[in-house]
Each structure stands twice: as structure tokens, then as C-alpha cells.
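A.B. asks: Residue strings, one per chain:
Number of protein chains: 2
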Amino acid sequence: MDIATLKELHPDHFARATAIRALSMDAVQAANSGHPGMPMGMADVATVLFEKHLKFDAANPDWPDRDRFILSAGHGSMLLYSLLHLTGYEDMTLEQLKNFRQLGSITAGHPEYGHAKGIETTTGPLGQGIANAVGFAMAEESLRARYGKKVCDHYTYVIAGDGCLMEGISHEAIGLAGMQKLGKLIVMWDDNSISIDGDVGLSDITDQKKRFQAAGWQVVECDGHDPEDIDRALTQAKSSKKPTMIACKTHIGFGSPKQDTAGAHGSPLGPDGIKATREVYGWPYGPFEIPQNILDEWRAIGARGAADRAEWSDRFTSLSPNRQSELTRLWQGEAPKKLASTIRKLKKQISEDAPKMATRKSSELVLEHVNPVMPENIGGSADLTGSNNTLTPDLGIFNPSNRKGRYVHYGIREHGMAAAMNGLALHGGIRPYGGTFLCFTDYARGAMRLSSLMGVPVTYVMTHDSIGLGEDGPTHQPVEHVAMLRASPNMNVFRPADTVETAEAWELALTSKNTPSTLALTRQNLPTVRTEHKMRNLTAQGAYVLREAEGKRQAIIMATGSEVEIAVKARDLLQAQGIGTRVVSMPCWELFEEQDEAYRRKVLPAGPVRVAVEAGIRFGWDRWLFGERGKREKSGFIGMHGFGASAPAPELYEHFGITAEATATKVKDLLGGNWAPDPRT
Amino acid sequence: MDIATLKELHPDHFARATAIRALSMDAVQAANSGHPGMPMGMADVATVLFEKHLKFDAANPDWPDRDRFILSAGHGSMLLYSLLHLTGYEDMTLEQLKNFRQLGSITAGHPEYGHAKGIETTTGPLGQGIANAVGFAMAEESLRARYGKKVCDHYTYVIAGDGCLMEGISHEAIGLAGMQKLGKLIVMWDDNSISIDGDVGLSDITDQKKRFQAAGWQVVECDGHDPEDIDRALTQAKSSKKPTMIACKTHIGFGSPKQDTAGAHGSPLGPDGIKATREVYGWPYGPFEIPQNILDEWRAIGARGAADRAEWSDRFTSLSPNRQSELTRLWQGEAPKKLASTIRKLKKQISEDAPKMATRKSSELVLEHVNPVMPENIGGSADLTGSNNTLTPDLGIFNPSNRKGRYVHYGIREHGMAAAMNGLALHGGIRPYGGTFLCFTDYARGAMRLSSLMGVPVTYVMTHDSIGLGEDGPTHQPVEHVAMLRASPNMNVFRPADTVETAEAWELALTSKNTPSTLALTRQNLPTVRTEHKMRNLTAQGAYVLREAEGKRQAIIMATGSEVEIAVKARDLLQAQGIGTRVVSMPCWELFEEQDEAYRRKVLPAGPVRVAVEAGIRFGWDRWLFGERGKREKSGFIGMHGFGASAPAPELYEHFGITAEATATKVKDLLGGNWAPDPRT
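Quick mapping for you: the protein sequence lines, in order, are chains A and B.
For what it's worth, the UniProt record's numbering labels the leading residue of the first sequence as 1, then goes sequentially.
For what it's worth, the UniProt record's numbering labels the leading residue of the second sequence as 1, then goes sequentially.
Bound conformation, chain A alone:
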């Protein structure tokens, strides 16, 4: 539909939608940077969605049963900010729009979760939003099945662009959604045929409609500027048992001189362009000026859901007090009181039994105890269930015929899994964990970074965490991944040494409020090194003295995960020769860094030589080897210096020289002539 027809047939709608368009082009112009084309192109679709379909109450943005609106094409952030301002979200003031993309404003270049109410997730890296939305929709299905329609019954709407749909993650997302038959997931594709390089046809000829159908979706088409057609499409979408993709045919930069060109995508229209556009719109108002009658209409839209919300509130308060407090706990992301005692009991038992097991099995053991007391836990794996040990007997499989199940077969979709986990967590009421091999962190990185940036406490269960994976070889053996994860801001990287540390790591992951966790777990069996039960969670300090030196302390061996066993054996060798050696287990560097300097110095005092043992690369270890008053001349590293190899794990440890003997030799070399046998030996 062209502008003239639209204005003639639907003048009120046109005015409302043009309020979005005007604010968007004005804000981008004021910032002298940003993306006007998409908000101008999708304003009609968004207007109909907010006016006629989206269940929300601008005065109560945290209402748990609101529909979710996700702007996967995050560069069109002004679309979202305009909508939030117009419908009356309190914090989205006109001043904020005027400060679009400026320091300290809540109107960042791309929507940032936590900056403002109504931003359901951080988007901008393309494809993430649509993949988050799959998690949102799964959360909704799960909570509805388990707590009833009274409590949870809403849609998840997404606006996605060509960029989102070209990204690989979109394939994983729509495949998962199709299989899961997420009927309440509705994706509106901004089909404007333009990408940054020019016509989409320069790089893609995909028939998106056929593609979505192939993945098990309903596909509906509409003229993305015709409000009646949009309304019809949305109505049809809402009645489907399958997820729906609405192909909205639109014009990027609708009405501007740059309409239908890549030029409209990512730069301001310029004063002349804006002037010309205002004339085309018949919009005589100044920059950021919205006539009161149009604002009133929008504010009425923002209040449209108030009655619904009040009814929901009544339904909620009609629930039993126990149910109410349980749901409140879930939505607030508070761990249940029982978690701490469950973990403590398990730790005590393990310290007594001292099992020899792989930490991936330890993790399974912990989950077997924890999942029954944490209904918010939804587990899964990217098709490595038996290897990641992520499925416990009580969970049941989440699928279209069993929505009460709490385990997701994510398929071979690491990136999609991670993004869906972000969505599950962001929805509220769910605490997701999911597994793959640590090496395939590489595939999931895009979404893992957003876990960190948004601060959502998801847990990545990353098994087969070193050359200890063995025969699968270097393609499957992480050597740099622990370092890479440690390099990521706001990610707790746990590499537990045994079952006790694994239980402690899980406790920390499951009580985290704003930091995601990665558990790096072994394929191979490890002995229990924490054979003396401690009530306290020692892993919470990040690093601690696992074995004190006997006699004069001449050396400190630092290690994580599977190499703690090697450190302890090296200590035995050294003590047998009279060299007092402390072993420091460092399951989580990030938490150790958070300790005060006094504690850090207590654990790593100046003086003794220091050797670190880790079956990964050295990158980052210098912090502990030279830092904290250590000295380069008195420190050494036992670990990997490049990629691994294909062979049984014990041979690889020998081959790469990651052994107790090599560690002890390194210590003695560093001590040089400076060590004397303990007089007692």
C-alpha cells in the first residue's frame, strides 16, 4: 500500500504510525547516527500489533503474563523506544529519545536489556532475538502446563529482518520452534528486500516462506503497510498450533527520499531528507513533537491491557498462598531454601564415599539431587545427552505432547540452545542449563556473550574439557576455550577438581543472580580430592589451599579441574623429597579475583616458587604466576602449547608432559640449589 492510499483509507492509523516514523528519524538525526529505515518501514506493523494484539500494560511493565515483544532486528531500536514512549512506559521519556545513543541514556544504539522496561532482551547481533524468542515461548508453554493458564498464557512476538533470517542461528531457532510446535510464537519478517550491501538478492535468493514451512511453521503474508491486512495476518497467526511467520512486505525508509535503498538502513536522512519526508507524510510538527491527540491515542493503547492485568492479578491472588509464594520465588529467580542443605548433605556423603568419577558424572549426581527441589530448572543438551550427563530421571522430556517435561532435546544446535536458554531465563520463572562439549563453545559464543552482557544466570554444562577427551582428537579438544571464557566479562568459569567442587560450583551457578556460569567438566574419571567435609562452599572463594605444605613451604602448585589430581601427586613426590609444597585448587578465577587482597595473598604468599598445571594454554596464567607478588624467575607452567592430538587420554597427558613427575621436576628446577631436604625426612 502506498502512502497516499494509506493516508486516505486509514488516516488515524497513519498518524499513529507516523508518530513512530517521525520520532525515529528525528532521534537518528539528533544522534547523527543510527538506523531510521527499519522503524519507518515497520511502523505500520508495530502500530497494529500494539493497538490490537499485544497484551501489555505500560503502567505495569513487569506483569509476568504480558505478551513479549522482541525486536530481533535490534538496529531498529528507535521503533521500540518510540513505542515505549508513545504508549507511556514511565522511564522512556521524550528526553531519553532526544538523547538516543548518548552516554548515560537508556536509549542505547541497540536495545540493551535492563536499560528500560519493555526491553525484553538485548538485540543487535543479528538472529539472537528470534532465537531468544524460542526460549521465551518454551518458557511460556512450560509454565502454562505446570502452573495453569490462570498464571501464564501469552504470546511471544518477534520482528526479524533479512539479516536475522540469513544468520545460521535463525535456522537453529526455527528448526527448534517448528519441532516444538510453539504455536504462540509469532515472527513478523520485515521483508524489505534490502540489506547493508544493497539488494538482498546480491547475497541471497532463499524463498523464506518455503523455508519456514519446511521447518514446520505456518506462513502468512501481508502488506506491511496495510493495517487491515496486518490485523488479518496477526489474527490468523494467533490461532495456529504451529509457530507462525508473517511475511510483511514493506518499504525500508517508507516515505523518505531513500525509500527502498540501502541508504535508508544505517544513516540519518539528513535535514533535507527529513524535510522532504515530513512533506510526504503531511506531518507539519517539529522534531520530537507529537500532537496531543495522537499521543492521547497512543497512551490509551498503552493502558489497553490494564483490565486484563487486573483480572490476572485477581486470579493470581486466588491461588493458594503456597502457590503464590512459590511462583513469586520463581519469578524473582531466588533459589529455594532447600538447595543449600541438599548440597551440604551431598558434599558430606561424597567426602565420605570419595568416589572416583568424571566431573560430568559428578554433575549428573548433583543434578539428580537438585532438580527435584528446583522446579525452575530446565535442562537440555545439544544432542549430547549421554555425554554431557544432563538428563536426570525426574525431568521428563519437554515436547509438544509433554509440556510438563523439563528436559529439552535441543538438537545439534549449540548456538540456538544458548540463545534459547537466554530467552528461558529472561522470561522469568525458569533457570535453564544446557550442555555440549566445551570445544563447541565456539559455536555458541554469540549467545554466550549476550548471557554475560545481559547478566542472565544461565548455566553452560561444558563437558570433555581438555585433551582428556582423548581419541576424538584436536577438533574436539579444547585448549584455548577456558582462557577465552575467562577473558569474557561477567562469566563465572568453573573447572571443578572433583565431585565436591562440582557440587559447590553448581550451588554457586544455581544461586547466581546476574552472572552466567560455565562448568568445564571432564570426560575422564577423577579421584575425590576433597575428602575432608567442609560445610562452607570453598569454591565460592575461587581458590583455596587444598593441601598445605608439610615443613617449610618451598613451592605452591596451582591447578584446576582434572589437573588438581596431578598437582596433589606432584606434591606427594616433592614432600617425599622433603620439599614442602602447597597445592592450591583454583576452580573459579573470577571469584578469586573478587576476594580481598589479604585473602589472595594468604592463598598465594610471596616467596615459594609457583607452578601452574592446567591442560590448556598458558594464556592468562601469568596473572597468578607473576602477579600477586610472584616472580617470573620462580614460576613455571605445565600445560598445552598448541592443539592436541588423537589418542587415548593417558597417552596424551604423557605425550604433552602434563604429569606429576614433570610438575615435580619443574618445581625442583625452579628451586635450583635453593631447596634442602626437610630435616625430618
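No lab work stands behind these hints, which were simulated from the structure alone.
In this text, a Cβ means the ideal position worked out from N, Cα and C, and glycines have one as well.
A few of these clues could be false.
Only pairs whose alpha carbons sit at most 27 angstroms apart, straight line, appear in this in silico BS3-like list of lysine-lysine [said to hold, decoys possible]:
1. B:K249 / A:K181
2. A:K209 / B:K181
3. A:K602 / B:K631
4. B:K631 / A:K631
5. A:K210 / B:K249
6. B:K181 / B:K210
7. B:K210 / A:K210
Incomplete in silico selection of chain B near chain A, CB under 7 angstroms [said to hold, decoys possible]:
8. A108
9. G168
10. D204
11. A487
Go by the hints and put chain B onto chain A.
C.D. replies: Here is chain B on its own, set in the frame of chain A:
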């Protein structure tokens, strides 16, 4: 087709295919680890392919015009190893098969490029092979268009499993291939309905045939055990102008007790299972025993292409000597002699002109000079051409109507681009580079790791390399990515400070034989700091003294990229106060680490305080701050401590305290009372 029918109708074929099956199950059993199910299921398809279609000559595995066979489902490595052994590849001895997955063998758990001839690429991480294959097929199209059918005219065959097709990267790969109409690319899908977790239907209901059609592919189906049907499908595939996907309906673990179950996927059949399978096959031979007549048939297949190869050789030697030597240079990946002089001339000019420009623009300038003298360069971008500055005027666009073009619009497909670049490089004759924002390294990591692991000298042009990106905000601002790339083994990470260093970095990237390069380039303008022309490539040493201290050397400021400007300004401030300050530019840590200790100590002598300035996180910097005889107490870091923010770049630098003033203050704080004004000032 069931085994009984197959044996009856096609006894000779069955025997040949069963040789593969037997070797595969025997090798996995001997290793007590591995994946027998896929080789057993796809043996019939592979047998027909090698017997009737694949153009190859086992005695000349490096023949540049051979068809390429890529096992994207790399866990089925025994299929490939068996084929290479049976057809007579010299290095793939029976002994190697017996040492499957053992240390020092060339038969790693997953096929490793470089271990044996006939392994065209490293596979195992799912989806990589099919995405590499797109690069192989593009290389073939490009070379054929530019050097003629006489020289290059071959197919690229891929075997891909459900895992490959579920991965997001497969979406990017098939989208790119469909748009590019790569008619000589043929993917054989091992449609066995099984993944590790069980039935594929547990996690996916995608109609793969419809999906490929939607992406512009021809789709053919066949019974993956019926040799006539397979032959028909392959014949049909070869005559298409579109890429073809052949859906091969197969039984995983064909003939074994575990047939059609996930149990056949990833573990040995066990002695009883193997015995039972041998009985089903009517295969009375011992482990690793291939009857001579069957081996002879296979060896004849291996020699089938000898005449073709000889004819190709004749055609090649009929070319002009210049053409022959040029092609030989391309295939050997040698840079042209003219490159060095081109770079030197450009450097001289730049040092004189001293332009102020963004290093992404510097990179474009270098490419403008280099691309005309390097026909092997094929550039591209993941839909950020104008931002990455990767397109130079001489290249032309590579697309179905212009195969001579040397620039690829990869679309919004970072992962697919990186994997295609690996394929382009592995094919031979091409040196690819491709761009995106540094932040989206996250999306490409899976393939970038394989560039490093395989040692293919591709170049990643990663622009907008810090908070200097500005208003797009934290989702687009890398802070940890340079550290992550540095953590990766065998990756040269260049962060050039100006146009001269950018030219030097490009020279190193374009002459690299076995190491990929990442160029981290700025969005924002930078001054030329290398105003004094040096013939020598100083970046080749990784780090060097850019500005020497005047007077007593009391401080060393280390910096990379855009922060070198800040370091130089900080030095000016300090020198003005009489504090002798050296500035060390460190464009490539990896190359600096390769220098001898004497050089490293010369650049970073003990004594002066050290401050590092980089608009990224500190992770990894301790190596240079405390190491190399530095002291923790006398060192400091100016940089990022977490994620960025959305605002104009200059404000962000101020906000995060990455300024010359802050750097100078840090130096003075470290010097404490220990610095005295230079007596001369």
C-alpha cells in the same frame, strides 16, 4: 534395499562396499572408540561415487584438477580412511588403519587436514565440511572462469549427516551456494534418521528436501544402498546448473545388530556384534583382511583417473610458460615478487603524506595497491562492505553472471564466510580475505579455529575493533575479542597503529604460509605515527620501539592499534615533565613472542615502569607487564574492565579513562617519588 537383495542383485558392488564396512568396524573395535555406524551406512554411496563418478588418481593425490571429496560428517572418518587405503593412496597403509585413533598415526579420530593425502579439509565440528565445500566450489568456478576449463573443471562432493544439516552454519552455506548457483557442488545427505540422542525426530522435523529447494538447490532422492539408484542420482546431480542435494536414504550401522539405532553411532559394535555382522554380510575374513580380488578391484578404481590426469598434464604443459609458472605460483601459495616492492613503495608514500585515517580505510588503501598484483586474492564481507572497506575497484563482483569477479557478497553469514574462506584457501590457487565487525568474531569462531588448526593462511578483516565503534554500543563493541584471538593457537592477531603498520600487517598476512591472520582495524581516524620511512617490515618483529625516551628512560608505554596515538601523546606529556618515556608499539604479540629473548629484552628492558594501553580487557597483558623482567609493583594497565557503552567514541574514551592524561598519571603514580625532572628541562 535390504542386504539380501543387495547381495543378490549386486554381489560385486556389495563386496567392495563391505570391504569399507568391515575395515570401519574392525578399526573402531581395535581402537575401542569411534563411529562405525556412518561408514557402514554410507559405504554403498561412497563406493558408487568413487567407482563411477569421482575424478581422482590415487597415485597423484595433489592433482589440482581432481574432484574434491569432503566428509562433512567427519566422525565417519573410517569411511574416508578405508576409501583411501582401498584405492591405493600410498600413505594410507593397513598399518595406519590398525592404528586408528592412536598417537602418531595419520588416522585421527576425525580427519585432520595435512595428516594424509586425500583429506581435503579437517572435519568433525559439524557443518564445517559442507560450508568449506561452498568455498571449494567457488574456487573452482573462479579458476575455471579465469584460467579456463583446460586447467580447472571439477566437481566438489560432500557427505553430510543430520548433524551437519541441523547446525546453523549449514543454513549459511546452502544459502550462499544456492544464490551462487554452484552447479558443480553435490551434497549427499546421509538420511538415516538417527542422531546421538536418538531419533532425529526428537529434536527436528525439518523437511530437508523442501528446505534445500527453498535455498535454490536441485534435490534428488535415492535409496542409499542401491548402487543403480545412487548412480542415477549422481548422474542427475552432475548435469544441474544449481547445486544438488541428494537425499540418500540409508540405514546407520547397516547389517549390524545395532542397525537403525543411536547405539551404532559412536561406539564399537563389540566382538559379538562384529561376529554377527560378518555373518549377515557373508564376510568370512579376519579383522582388517581384504581378499586380494576385492583389493584389486579397488586399486583399479584408484587408478581409474590416471589417463584423465595425464591428459590434464598434457593440457597444462601446452600452456605458455608464463601461464604455467603463474598457476604453479598460485597453487603453491607463493606471494608474487611484486608484493614486497608494492608495499614498500606505499609505505614510503604514506610516511611522507602522514594521512589521518581509520585503519579500515588504510586497509582499503593497501588492498587497492595489492589486489591488482595478486590475482589469487578473493575478497568479501558479511554484508558490511562499506564498513569493512574490503572492496577495491578492480575486483568485480563474483556471482553467477560474473565468475571472473573476485569479490563475494557473503551476506549476513559470518560463520559461513569464514568456513567458505577455509575452503577457498584449501582448494588452492586462491588467497581469500573477508570482513565483518571484530565483535562478530563470535559468530565465526567455529570456522576460525579450523583456520588455525589446519594452518590455512586466510585473512580476517575485522573492523570496528573497540569502543571506538561508538554509538552502536556494547553489543557491537569488542572488549574481550582481541584477547580471545590471542588465546587461539596459530593465529596472528594484528592491531596496527596506523596506515604504515596496516600495510606491514597485510604484507605478513599475504605472505603467510601456514598461519591465518586477523587484522583488527579501527572505525575511527588515527594519525600516522610511523612518519619516518623504514624499508624493513617492523611489524614482522611483533613489537618495536616506536619512540625512544629522551633523557633517562624511566617509563615504557606499550600500546596497540588506536591506543598507540594515546601512548605517544602520553609520552609527550611525560617528556614535557622531564620523564624519559619509551613507546613500544605491539601490533602482533604472536610475532613478538617468536623473537629471541635478546630482542624482547631490548624492546622491554628491566628497570623502567611499564604501562600498557589498549581499549580492551587486560587479560593476557600480564605477560608483558610482569613478564620479560617487568615487575608487578611497577606496572599498570589503561583499558577496559568490562563491557562498553553507547555514545560517541571520544566520549567513551574519556568515560572509560583511556586517555593520554590518565596514562601519564598512571606512569607518574608508579614512579612515585622515584622520578626526578630531567636536568635539561
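A.B. asks: Hint by hint, note whether the structure agrees.
C.D. replies: Here is what the structure says about each hint:
Restraint check for K249 of chain B and K181 of chain A: the C-alpha separation of about 26 angstroms stays at or below 27 angstroms, so the hint holds. A C-alpha spacing of about 20 angstroms is found between K209 of chain A and K181 of chain B, which places the hinted pair at or below 27 angstroms, so the restraint holds. At most 27 angstroms may separate the alpha-carbon atoms for a hinted pair to count; K602 of chain A and K631 of chain B meet this at roughly 20 angstroms. For the suggested pair K631 of chain B and K631 of chain A, the alpha carbons sit about 8 angstroms apart, so the restraint of at most 27 angstroms is met.
Our distance criterion of 27 angstroms between C-alpha atoms is met by K210 of chain A and K249 of chain B, whose separation comes to about 23 angstroms. Taken as a hint, the K181 of chain B and K210 of chain B pair is honoured in the structure, with Cα atoms around 17 angstroms apart against an allowance of 27 angstroms. A threshold of 27 angstroms between alpha carbons decides the hint, and for K210 of chain B with K210 of chain A the separation of about 7 angstroms falls inside it, so the pair holds. With 7 angstroms as the threshold, the beta carbon of A108 of chain B comes within range of chain A, its nearest partner Cβ sitting at about 4 angstroms, so the hint holds.
For G168 of chain B, the interface hint holds, the least distance from its beta-carbon to any beta-carbon of chain A being 3 angstroms, beneath 7 angstroms. The interface hint given for D204 of chain B is met, as the beta carbon of that residue sits about 5 angstroms from the closest beta carbon of chain A, less than 7 angstroms. With 7 angstroms as the threshold, the beta carbon of A487 of chain B comes within range of chain A, its nearest partner Cβ sitting at about 4 angstroms, so the hint holds.
When held up to the earlier numbered hints, the structure conflicts with none and fits them all.
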